[in-house]
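Build the full structure now, drawing on both the sequences and the hints.
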Amino acid sequence: SQKIEQNSEALNIQEGKTATLTCNYTNYSPAYLQWYRQDPGRGPVFLLLIRENEKEKRKERLKVTFDTTLKQSLFHITASQPADSATYLCLVYNFNKFYFGSGTKLNVKP
Amino acid sequence: GAVVSQHPSWVICKSGTSVKIECRSLDFQATTMFWYRQFPKQSLMLMATSNEGSKATYEQGVEKDKFLINHASLTLSTLTVTSAHPEDSSFYICSAGAGADTQYFGPGTRLTVL
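These protein sequence lines are chains A and B, in that order.
Residue numbering for the first sequence is 1 to 110, as defined by my numbering.
Residue numbering for the second sequence is 1001 to 1114, as defined by my numbering.
Hints listed in this document are in silico derivations from the structure and should not be mistaken for laboratory results.
Careful, some of the hints might be misleading.
[Stated by the list, open to error] Here are the simulated DSS-like pairs of lysine-lysine, each with C-alpha atoms no more than 25 Å apart in a straight line:
#1 A/K97 <-> A/K55
#2 A/K3 <-> B/K1041
#3 B/K1055 <-> A/K97
#4 B/K1041 <-> A/K105
#5 B/K1064 <-> A/K97
#6 A/K97 <-> B/K1041
#7 A/K109 <-> B/K1041
#8 A/K55 <-> A/K17
See below:
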């Protein structure tokens, strides 16, 4: 099985700065990795997917990188806004199994 | 985008009673639906995978007789927590698969067992 590690400490940044969140996995390189946003008391909302053979994906202010050597994905939010404040989860998929990280809470201060 | 609803959004019940949670894909057909449980400040834990018209596949450690899953149509799956106990209190979230690598999540159901 996989162990997914995300920083459990909240990330506090100033509005306008770039937020960078980390997702590390321990075992097999996943077929793909996804990032989700979860607000309190709500279900996760899909943001980005990156596949094993991709290095980087972008969507508007979001960027995801995937380094299979480091067994790590980085999730960046540029020009962050207070509305970006939420918990961000990564999901790793391989061998027909999903594994979620416990998420990192992002606080963007005005 | 694809919308998944859950009903009820929250429920409080007495210990020993059963609670049914519905998960619906509103604007697409989902051959596969997933049920998760999330405890406060913890990750989503996959409980079971439900395929339309067949028996659900439960993850290790999840009691299939306690958490009954029915996926009778391409737009509806239900999770019934039978003989609920306080330790079953949690946030239950469903998702519907819309392809090999896409899940759309419902808003979740908060279950509190007294």
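query = Any hints this thing doesn't respect? Which numbers, in order?
reply = none
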